[in-house]
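Chain A is already provided as a structure; the job is to place chain B on it using the hints.
First to last, the protein sequences are chains A and B. All residue numbers for the first sequence refer to the numbering used here, where the first residue is 2 and numbers rise by one. All residue numbers for the second sequence refer to the numbering used here, where the first residue is 3 and numbers rise by one.
Worth flagging that the hints you see were computed from the coordinates, not collected in a lab. One or more of the hints may lead you astray.
[As the list claims (entries may be wrong)] Not close to chain A: a few residues of chain B, all C-beta gaps over 10 Å, as computed:
| hint | residue |
| --- | --- |
| 1 | K73 |
| 2 | T98 |
| 3 | S116 |
[Stated by the list, open to error] Straight-line alpha carbon distances no greater than 27 Å define the calculated DSS-like cross-link-like pairs of lysine-lysine that follow:
| hint | chain 1 | residue 1 | chain 2 | residue 2 |
| --- | --- | --- | --- | --- |
| 4 | A | K522 | B | K132 |
| 5 | A | K482 | B | K70 |
| 6 | B | K22 | A | K516 |
| 7 | B | K22 | B | K90 |
| 8 | B | K6 | B | K22 |
| 9 | B | K101 | B | K90 |
| 10 | B | K73 | A | K482 |
| 11 | A | K522 | B | K26 |
Each residue gets a CB set at the ideal place from its N, CA and C atoms; glycine is no exception.
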Amino acid sequence: MTTVEHTTGTAVGSEDRRTATPALAWLAYLSPAAALLSATVGSIVLVGWTFSMPRLMSMLPGLVPMNPASAVCFILAGFSLWSRRRAASPLICRAGWACAAIVGLVGLLRLLSYAVGWDWCIDQVLYSEKLQHVAFGPNRMAPNTALNFLLLSAALLFWNNRLLVMRRIGTGLVLLTILASLLAIIGYINGANSLYGIGSFMPMALHTAGTFVVLSVGLLLAEHPTADSDIGVDDGPGKGRGRARRGSLERSIAFGFAAALFMSVAVGVAAFMSIARFAADIQWNDHTRDLLLSIGDLASGLKDAESGVRAFVISGEEEHLRHYRAAADVATASLKEVRAQTIDNPSQQRRLDDLGPLVDRRLTNLRFTIESRQARGFDPAHHAALAREGEGLMDAARALLAQMRGEEESLLKSRSASLDSSTRTTVGVIIGGSGLAFVLVGFSGFVIRRDMGARDRAERHVRELNQHLDQHAAQLEAANKELEAFSYSVSHDLRAPLRSIDGFSKAILEDYADKLDADGKDHLRRVCGAADRMGRLIDDMLNLSRVTRGEQRSETLDLSAIARTVLAELKNGQPDRCVDVTIDGGITAEGDPRMVRALLDNLLGNAWKFTSKRPNARIEFSSVEMDGQCVFRVRDNGAGFDMAYSNKLFGTFQRLHAMEEFSGTGVGLATVKRIIIRHGGRVWAEAEVDKGATFYFTLNSSKV
Amino acid sequence: MDNKIILLVEDNPDDEALTKRALKQNQILNQMITARDGAEALDWLFGTGRHAGRDLSVMPTVILLDLKLPKIDGLEVLQRIRSDPRTKLLPVVVLTSSKEEQDLAQSYTLGANSYMRKPVDFAQFADAIKHLGLYWLVLNEPPPTLAH
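The shape of chain B in the complex, shown without the other chains:
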C-alpha cells in the first residue's frame, strides 16, 4: 500500500489541506501528488512541461479530480487521460462541489470510475474521503498494467 500514489487535482489549497487531513485521520498515509490545475496534472502524467523527464513508470493508483480547474478543466483532463494509452486505464474519481446533472453525465460519459460530491460538513467530508481511500487504495484491484 505504501508505494501507491494518489494524484489530487485540486486548485483550492483549503480543500487540499482538508483532504490530506481526512486521509491522515483515517491512517491513509500514501504519497500524494497535488496538481493545482488541469495543465499541471497533464504535465505530470505525461512527463511534459515542468515535469519533463519524470519517470513515467510511476503512475497514480487513483486520480482525485476536481472539475472546476484553472487553465484546463477537469472534464478535459479526464478526456485526455482516457485518450492516451498510457493513462487510459487509470481509475479516476471525480471529486467536486457540483451536483449538476450535466457534470455527472459528462463525467461518466468520458469514463470516470466514480463521482463524489464534496459535502460542506467536514465530518461527512472526512467520512467520504476515508471510504474513497479505503476502496481505491485497499479494496480495489488496480488495472493490470499498473500492478507492481
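Pulled out of the complex, with its shape left as it was, chain A reads as follows:
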C-alpha cells in the first residue's frame, strides 16, 4: 500500500526588499577601505623589518617602530574585517573568524607574559635579532597594544553573533580600543608619554594607534549581517516586524545613550584624576618654592646678623644692634620654618640636625662679641679671634644651606617637569575623551539613522502589504459575492428546467401510456432518472459550496459522540444492514461543529456505502498518534479502491466506482477536503481493491 497525502498550507516566498539608503551608500565602502589600510600598514612595516628600513618600521622618523608581530596582527585583523561583509562566502567567513581568533591569542599571550614578568613572548618570534638593534629597542609589543588586539579580536568575533547583547559588547570593546588608541595619539601630539606608554614598558607606536583607530571605525561601520533579524524586513507578519524594528531602534538609542553616558563619566573621572594630580603637583611646586625662600631667609638672616654685629663692634652704635636682633630673629624663625617644611624629607632633616647647632653657635658667638664689646670696649685681637671662629661656623652653615638649596632646586626641577607632564596628560585626557565622545555620538547617530531608515523601509513595506491585502480582501469579497449569486441562480434556475423535463416526461407517461410501447416508456423513464440525478448533483454541489461558507466556530468536539450519532442515523436509514461498528471513546478535537459533522457524515457515509456488499461489514473510527500528532482514522473493509487513482480521490465530481455499483455524485470527499483545509489539517487515504479503505485526517486546532 502506498500513501496519498493531501496537505494544506501555502509556501510563503520570502523576498529581500532591503535597499541601502542612498545618502549613506558611500559608508559601505569605508569598512573594506579600513580593512585594506590596516593590512597595508602591516605589510609596509613587515617590509621595513625585512629590509631593515627604519623609515618603514616607524613611518615617521624618530618614533617607536611597530613590532613585526603587531604588523602581522594588523594584516590578519584587516582580513577578518574584510570578511565581515555581507557577500562573503562561508569559507571566507570562517577564515576571517580564525584570523580574529589568532589576533586575540597573540594579544592574550603577550599580556599574560607581561603579567607573569616573562620578557620572551610571541612578539619576538619574527626578526628576533633585529628587534634588539632598533631605535627605542629592544622592540616589544606594548602592553596597551596587546590589550587593544585582544579587545579588537573579541569585537570581531562577537560582531556576527546571533545574540544582540554579544554584538553590543563587541561595540563596547571597539569603543574601548578607540579610546586607548586615541589617547595614545593625543599623547604623541601633546608629548604626554603617560598616554601612549605604560610604566617603563615599550610604548604603543603612533602608527599602531592610528591603525587601531582606522580598524575600529571600519568595524563600527561594518553592518551586522545577522542584525537583519532585528531590523530585517523580509519575514514575519507585518505588525510583529514593526514592533521588532521599534524595539531595535529603542535599543540602539538606549545603547548609544548608555555608552555616551559611560564615556562621559569615564572621561570625567580621568579628567578629575588628572586635574587632582595637576593640583597636587602645583602644590608641591609651591611648597618647594616656599622652602627655597625660607632657606634664603635663613642664609640672609645669618648674614645680616653678622654684618650688624660687625658694624656695632667697629662703631659701638646701638642702632646696629637693632639690625642684628631683627636679623637673628629672622634666622631663628626661618630655621624653624625650614624644619617644619622639610618634615617629610629625611635627608634635609639630617642636614637641619647639623645646621641647627651651627646656627645656635654662630648666634651665641655673635652674642659674645656684643657682650665683650659692651663690657670691654673694642679689643681688636679678641674680636678678631671671635670673628675667625664665627667665620668658620658661617662657612659650615653656608655649605649645609647650599646643599639644602641644591636638593630643593633639583626637586623643583623634577616637580616642574612632572607638572608639565600632568598638564599635558590632563589636556590629552580631555581632548581624547571629547574626541571619543564625538566619535561615539557620530556613531550612535549613524546607527540610529541606519535603523530609522530600515524602520521607514519596513513600515513602507508593511503599508504596501496592507494595501495589497486590502485589495485582495476586496477582490475576494467580490468573488465570494459573485459566487453566492451564481450558486443562488444555479439552485433556482438550473432546477426549474429539470422539473419541467421530469414533470412533462411523467405527464406523457401518465397521459399517453397507451400510445407508447415499452421502449418509449423506458426512454422516458431514463429521461426522468437523468433529471433526478442532475437534481441531486446540483444539490450536492450547492452543499459543497455551502458547507465551508459562513463563519467558522471553534469548539471542543466529542468526535466519538458525533461518529456514534452519524452511524446511528445510517443504521436507521437501512435497519436491515448488519455492520460491525467500532468507535473508540473519548476522541475529542477542536473544530467547527457543523463542518466536522458534515466531515464525519461523508467519511462514515462512504464507509457505510462501500461496505454495503459485504456480508461481514466492519466500520471503525479511532485515533492514532503519528509523529507526535493526533490522527483520526475511519476504516472499513468495503470495496476499497485502486491506489493508482488516488490522485482523483478528493476531486469534485470524481468517482472511482461505476454508478451501477455504488451511487453517488463524487462530491463527498471534495467536501471532506474543503472542510479539512478550512481547519488547517491534512487528509489522506490508504486502500486496496476489495480489501477496504482507511481515511486519515488531522484537525489543526491552532488554525481553527
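Chain B in isolation, oriented as in the chain A frame:
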C-alpha cells in the same frame, strides 16, 4: 371550497402547468389566478395598472409565491402584501427552487406563512402540491376578514 381562489405568482409557464396538473390530479379544482411577475401580482391584489377597477372584495385564499421573479421579486411582493391592511393577513406560501438559508430567513421574517421547496422529481412535486392545496384550501381556517 369552490369560491376559494389561488393566486399563483410564477414566471415559469412550465412550473405553472405542472402546478395546475398536480392540483388537478388531486381534485383541487379551485380558480387559479396566475401572475407572471411581482408587479402583475401586486396590480391584481390592489386593483391597479392592468387590473384597475377589479373587485377588491375578491381576495385569494392562499398566495403561492415564487421568490425569483421578473420586475419585482417575491420578497418585495411579500413585504408589500404584509404592509397593506387589505392584504396583510393573506396566507402566503413561498414556493421556490431555492434552498438558501437567507431566503428562508427573510421569507419568514417578512411574514411568510409557509416555505416550500419545489422538488425536481414530479412525483414529489405533485405530492407536495397536493398537501399544500389540501391544507390551505381545506384544512386551514382563513383569516376572519376573508371569511365569506
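For each hint, the structure was consulted:
no. : hint            : verdict
1   : K73             : holds (16 Å)
2   : T98             : violated (7 Å)
3   : S116            : holds (18 Å)
4   : A:K522 / B:K132 : holds (25 Å)
5   : A:K482 / B:K70  : holds (18 Å)
6   : B:K22 / A:K516  : holds (23 Å)
7   : B:K22 / B:K90   : holds (26 Å)
8   : B:K6 / B:K22    : holds (15 Å)
9   : B:K101 / B:K90  : holds (25 Å)
10  : B:K73 / A:K482  : holds (22 Å)
11  : A:K522 / B:K26  : holds (23 Å)
When each numbered hint is compared with the structure, a violation occurs for hint 2 only.
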